[in-house]
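Taken in sequence, the protein lines are chains A and B. Under the numbering used here, the letters of the first sequence match residues 8 to 339, in that order. Under the numbering used here, the letters of the second sequence match residues 36 to 262, in that order.
Be aware that one or more of the hints could be misleading.
Unchecked claim - Counterexamples of contact, computed for chain A against chain B with all Cβ distances above 10 angstroms: (1) Asp50; (2) Arg110; (3) Ala131; (4) Asp267; (5) Arg271; (6) Ala272; (7) His301; (8) Leu321.
Unchecked claim - Pairs of lysine to any residue residues, derived as SDA-like cross-links and limited to a Cα-Cα distance of at most 25 angstroms, are as follows: (9) Lys206/A - Phe339/A; (10) Lys219/A - Ser90/B; (11) Lys117/B - Asp145/B; (12) Lys169/B - Cys230/B; (13) Lys219/A - Leu75/B; (14) Lys297/A - Arg215/A; (15) Lys219/A - Phe80/B; (16) Lys117/B - Trp67/B; (17) Lys297/A - Leu133/B; (18) Lys169/B - Asp145/B; (19) Lys219/A - Pro106/B; (20) Lys297/A - Gly157/B; (21) Lys206/A - Arg87/A; (22) Lys117/B - Arg231/B; (23) Lys117/B - Leu92/B; (24) Lys297/A - Ala179/B; (25) Lys297/A - Leu99/B; (26) Lys297/A - Leu136/B; (27) Lys297/A - Pro251/B; (28) Lys169/B - Leu136/B; (29) Lys219/A - Leu92/B; (30) Lys117/B - Ala179/B.
It is worth saying that the hints were derived from the structure and are not from the lab. Every residue gets a Cβ at the ideal spot worked out from N, C-alpha and C, and that includes glycine.
Take a look at the letters that make up each chain.
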Amino acid sequence: MATANTIDPAGALERLGAELPNLLAARARTAEAVAARRAALADLPLDPRASVVLFGSWGRRELTRRSDDDWALLVDGAARDGVEPEPEVLAAALGDGSRGPGRSGVFGGRIFGDDLLSRIGLDADSNTNLTRRMLLMLESQPVAGDDVHRRCWEQVLDGYLEDADRPYRPPRFFLNDLIRYWRTICVDFVGKEREGSEKWGIRNAKLRTSRKVLFAAGLVPLLQTHRLDREERRAYLAAQLAAPATDRLAAAFLDCGVRDAGVRALGAYDRWLAVLDDPDRRGELESLTKETAHESAVFRDVRRHATELHRGLLVLLFDTELLPHVREHGIF
Amino acid sequence: MVPALLAESGVVSAHHPLGASTGYMSDLRGDWPAMVAEALATSPFAAELAALSESELPGLEAYLAAGPELPFGYLTVHAPVKHLRMPEAELVRRLSRLAPLVDGIVVHPDAMDDPRAYRALGSALVLENMDARKTTGRTVAELAPYFAVLPEAGFCLDVAHVLSIDATMETGERLLDAFAGRLRHLHVSSVDGRCRHVPLTVEHETRFAELLRRCPDVPWILEAPLP
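Next up, chain A with everything else stripped away, as it sits in the complex (with noise of 0.2 angstroms):
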């Protein structure tokens, strides 16, 4: 079906006619940092089936001046012993261990494509598996090695399709795993609030943005395949999910003929950077806790732009036509 093609991401951010000053930054920002991580390793012995990638806000093209550097070295293939550089190397190659990996052991260390692709689903598909592979498919940057990288990533898309058969249909089996996945996440989040309440409010507020827009911006094209033949479905997630998270959404609203609310929502998400990019905002927020978020004008702010930015949403699922979709393979 010709109308598929229609739904273009590229530069859909700016063909949506939004101010969105914060979101432009940010990836102009992102793109002299990731020209400046391939430089610092263009020497770095490099195993040939291995590839350096960067996730989150790298990946999402949003990086602040206090982004965290949670990378990876992504291995094509099984587990084995001896892929270059070890860890502790390519750690100091990306400097800055300031902002390196955080303490969960979910990145700054080797991924084997042969986890993510052979372990979905099962009690061997681990919360740090389901969130490398769901990483990988949807905000993940390669700085080094990028033939691996989109080899690993075609490789875990192709699981996913296999038993796709059904023409017109989304992929329900990738649509259950993400849909999974943010799940997952929304859970964990009260997990980590009953172990303890440290960063609550840049938890919580993250959850209300950046994890929202991680989540929508593929639940959206999985949805759109609805328009598609099963022979070019492959090729139309491909290109969406290359696109940074919000091109997919600025022109999902932008096809589905909601612009207005698209301006809306994404303007909101791009105050939301603003906070993350300011040291005092963000560092109150990090303070907060879950019995002190309500004193904060902060946090009252970050909670205005998540709402606006959630009934944009709503509006995209089901206020246009994937509202059948949405009804059809959403729920159950």
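Here the structure of chain A is known, so what remains is to put chain B in place on it, guided by the hints.
Just chain B, lined up with the frame of chain A:
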């Protein structure tokens, strides 16, 4: 025969989130729990607590200060626009105390003596477009100077006010073109010949339809009960 303008009825009642303004509940005036209960009967998702006369403000302050458990996902206060006697600085100070308790404070531009004073409300401030009786705040050109000095302010589009100055509703299109990114909610009703908010007519709902279609994501607050 095909009518030139097909009637569009039910667009407003089907919207989500819909909410009620307490401003039209004149028989309950001053009884905030009763007005909130009536607003809840319209919708638990959104509401506007309207202290349109300055004399209503203390009661609203006391009601909100008591910390009532309200279910509304979007709750705003309409600042006084009538019988204003207190110094503007005091009004802004009192509104600023309400701001953390709600999602927005709606202020009429023509009620501001010094717009800069309202910066204290930050992004909680919401400016509303005015009706034909007013001399400012009605159009893009008249609202732009207010937003220039209040860059964090949101926008409340009153579709009935648009109708009072422009039967074609083109002014509303221009307001959305200019301030779409600021839009927080709508005020929806019909107006009579004296610019009083009255229940929505099918004719006016049809006239508003194009404008309403551009605002599916924001709460629509009824300034008169649905017929």
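Taking each numbered hint in turn, which are not upheld by the structure, reported in ascending numerical order?
-> The structure breaks hints 4, 5, 6, 7, 8, 9, 10, 13, 21, 24, 27, 28, 29; every other hint is satisfied.
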